[in-house]
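First to last, the protein sequences are chains A and B. The numbers in numbering that gives the first Met the number 0 rise by one with no breaks, and the one at position 351 of the first sequence is 350. The numbers in numbering that gives the first Met the number 0 rise by one with no breaks, and the one at position 196 of the second sequence is 195.
A hint or two may mislead.
Stated by the list, open to error - Okay, derived cross-link-like pairs now, SDA-like style, lysine to any residue, Cα gap no bigger than 20 angstroms in a straight line: (1) B:K201 to A:P152; (2) B:K201 to A:E71; (3) B:K201 to A:Q82; (4) A:K73 to B:K220; (5) B:K220 to A:R130; (6) A:K73 to B:I211; (7) B:K220 to A:K355; (8) A:K343 to A:G324; (9) A:K151 to B:G204; (10) B:K220 to A:E71; (11) A:K336 to A:K355.
Claimed, not checked - Footprint (simulated), chain A over chain B, 3 or more residues, beta carbon under 8 angstroms: (12) 43-56; (13) 195-209.
In short, the hints are calculated from the structure, not lab data. From a predicted model like this one, the values you see are computed outputs, not experimental measurements. All C-beta atoms, glycine included, are put in the ideal place defined by N, C-alpha and C.
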Amino acid sequence: MSEIALRNVSRQFDPEHYGVKDFNLDIHDKEFVIFVGPSGCGKSTTLRLIAGLEEITDGELWIDGQLCNYLEPKERGMAMVFQNYALYPNMTVYGNLAYALKIRKVPKKEIQERVHQVAKILEIESLLDRRPSALSGGQKQRVAIGSAIIRKPKAFLMDEPLSNLDAKLRAQMRVELLKLHEQLGTTMIYVTHDQTEAMTLGTKIVVMKAGYIQQVGAPAKIYNNPINLFVAGFLGSPSMNFFKCRIKAEADNRVALVMEESGQGKKFYLSDPLTKRMGITANGRQVILGIRPEDIYDEDGARELGIMDQTENMEEIVVNREMTGAETILYFDEQNKTHAVRLKPENKTQTGDKIKLYFDMEKIHIFDPETEKNLLYREEVQ
Amino acid sequence: MSQAENMALPIEGQISRSELLEIKNTMNTRALAKRRGRTALRLTANVLFAFVVLLPLLYAVSIAFMPSSELFTTELNILPKHPTWSNFINAFKNVPLLKFIMNSFIMAGCITIGQIISCSLAAFSFSFLEFKGKGILFMLVMATMMVPGEATIISNYLTVGKMGILDTYPVLILPYLTSAMGIFLFRQFYMTFPVSLYESAKLDGCGNLRFIVKILIPLTKSAIGAMAVYTFINAWNMYMWPLLVTGSNERRTVQIGISMLDSVDSQSITLMIAGVVMIIIPSISIFIIGQKQLIRGMFSGAVKG
C-alpha cells in the first residue's frame, strides 16, 4: 500500500530560479506514473524530492498519510534506480543485491533467500559471483533493478533507467518493466524524456515544462486530448503539425479555417460538433490548427476513409522521404516550417514530387496562439 | 577445400601461388627486422639517459665503499680500488643511527596515517556534503598551500614550546597531521566518483561513516596509496622542524643524525655518504613499492576514465 501526495511542492535553487514550482499530484497505489518533459523541466528534481535527495523548499509531501518533508531518505521506504545504475563496483552482484538488507540487519538466511528469489525473477542467477565491471549494460540494469526490488519498497523511483541502453535492449527492458510492475504490484514513478517510453509504460503521464505540470492523465487521453500547444507538440513522433489559420464564418452557419501566409488560402471546414465545442468563432480570429502526421492522408487513404470532399486538399512538394518499412513518412514545407505526414508504405511519392494531402477534420486540434490553450479541450475526458 | 582457397586472386595468372608466398615471407622478415631495430634504438637511448640521471647516486654508492684516502687524491677515482665496509661500520659507531632510523619511521608513519585519515574525511565533506560556505572554506584550505612552511615555523615553535612538548614524539608529528595538498588530492579523486553511488547508498540506509569505510575507501585504494607514498617520503626527508624541536639523541630523526656525521673535528665525506646511502634505502624502497599507485593517483582526474 502506498499513496503518495504532493501538495504545492516547490524546490527553489536560488532566489529567482525554481526547479519545480507548485507541484500538485496524487499517486495512487500500484500506479505506474511517468514524469515526462524536455531536459531541465524539473522531472528529475521532483523524483529526487520524493526520494529525499533534495530538500523541499515549500509545500508538503505525504506518503501513506505521513508528512515526509523532513524524513531521511532511508526512512521514506523508497528504492531508486539511477541512470548510471549506481552499483557498488567493489562488491559482487550478490553483495550489491544484499547490501541494503545487510544494513537493515536482516538475518543472513533470509538475505540469501531473497537474493536468490530476486535473481530468479530477473534471470541473473548465473551472474551472482560477478563484479559489476564484468557485466554488460543490460545486465547491470537488471542488477540495479534487483537491488531496488529486494527491499520491498513502498514505491520504485526510476530516473531515466533505460537511457544508457541501445534501442533494441531498451524495447526489451520496457516490456520487462511492465511485466515486473504487474508481478510486483508496486507503485512506480518513472522519469524519462523519451515520449515512447512514456506512452508505452505509464498508466498515468505527468507532462512537465519549466518546473510546472502541464497535464496529467492516461497516455492515450493526453495524446488525443492535449491541454495546450506544448503537450500537443511534445507527445508523438514525428510531432504534431501546426498551421497558422484565421476563422471565417461562412454562409449557412459553416465555419472554416483559412490557411494563412503561404498556405494557399485553403479552407478547412469544421464539423458542427467541433464548432460547438470551440465556442467562440469570431470572424477573423487567429488560431493555430494542429494535426498529427497520421491524421493526414494521401488520395487513396482519403478515398478509403471517405473524407475526400469534406474539405479542400493541400498540394505540397515533398522535401524529404523516410521509409521505415511499416510506414512512409513524407516531409513538406509550409509557412516556413517543415511538416510531416505518415502514410502507408505503398505510397511511392519521391522527394521533389507533388502530392495532394487531405486532413481528417475530426482529428484536428485548434489552439489559441496567445494562451496556447487547446480550444477543443474536453475536461470530462481526463 | 576451403572457401578462401577457392577464391581467385586478383592478380592470378600473372604470378604463381608459390611466388606470392615468397614475397609475403620476405616482407614479413623485413618488417620484423625494422621493428627490432627500432626497439633496440629506443632501449639504448633510455639506458643512456637513465645512466646520466642516476650518475650522482651511483657515484655516492661508490664513494661509500672507498677508504677516505682514495677520495682525497688528485686522480679521478670513479670506482673504489680497495672496497671497504669500514665507512658503514664507523657511521654506526659514531652516532646512534639505528635509533635515528627508528625515530624517523615512527614520525613518518604517524604523519602518514594521520594525514590519510584527516585528509580523506575533509575531502569527503568537500566533495559529497552540501553546507553553507563550502566554496569559501575550500578556498581557505587551498590558500594555506601558498604560505611557505618557513614563514610559520617560528610561531609554531613558540606554540609547542608553551605546550611543553619539545623534544618528544608528539612535537614531531602534531603540526603535520593534515595537509592542504592531501585534501586537494583526495577531493580531486572523489570528484570523479559518481554522486549517484553516494545517493544510492543513502537510500539503502547507509550512513556517511559507513559509506566511507565500506565503499569509498575500498574504491580509492590507489589514491590512498599515492598519498601514503608521497607523505611518507616528505616526512622522512623533513629537516628544519625536527632540527628545531629535538635536542637529544633519543628523539633525533635520521636526517639530523646524518649531518652529525659531518663535524668540524672529524670531517669525513666518505663516512657521511655511507650514512646517506643507508638512509636513502627506506625511501627508495617505499617509492618502488608504491610507485604504481603514486603515478595512478597523481594523474587521476587528469583525464576522464
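Okay, the hints, checked on the actual structure:
The hinted pair formed by K201 of chain B and P152 of chain A meets the criterion: a straight-line CA distance of about 14 angstroms does not exceed 20 angstroms. Taking the CA atoms of K201 of chain B and E71 of chain A, the gap is about 9 angstroms. The hint holds against a cut of 20 angstroms. The straight-line distance between the Cα atoms of K201 of chain B and Q82 of chain A is roughly 16 angstroms, inside the 20 angstroms bound, and the hint therefore holds. Simply put, K73 of chain A and K220 of chain B have alpha-carbon atoms about 28 angstroms apart, too far for the 20 angstroms limit, and the pair is violated.
Pair hint K220 of chain B plus R130 of chain A holds up; C-alpha atoms about 17 angstroms apart against a cutoff of 20 angstroms. Proximity of K73 of chain A to I211 of chain B is assessed by CA-CA distance (about 17 angstroms); at most 20 angstroms being required, the pair is judged to hold. With a C-alpha separation of about 69 angstroms, the suggested pairing of K220 of chain B with K355 of chain A is violated against the 20 angstroms cut-off. Between K343 of chain A and G324 of chain A the CA atoms are separated by roughly 9 angstroms; this keeps the pair inside 20 angstroms, and the hint holds.
Restraint check for K151 of chain A and G204 of chain B: satisfied, since their Cα atoms lie roughly 14 angstroms apart, inside the 20 angstroms limit. Simply put, K220 of chain B and E71 of chain A have alpha-carbon atoms about 30 angstroms apart, too far for the 20 angstroms limit, and the pair is violated. For the hint pairing K336 of chain A with K355 of chain A, the CA-to-CA distance comes to about 18 angstroms; that is within 20 angstroms, so the pair holds. Counting residues of the stretch 43-56 of chain B whose CB falls under 8 angstroms from any CB of chain A gives 0; the rule of at least 3 is not met.
For the stretch 195-209 of chain B, the stated coverage by chain A holds: 11 residues have a C-beta nearer than 8 angstroms to a C-beta of that chain, and at least 3 were required.
The earlier numbered hints that this structure contradicts are 4, 7, 10, 12.
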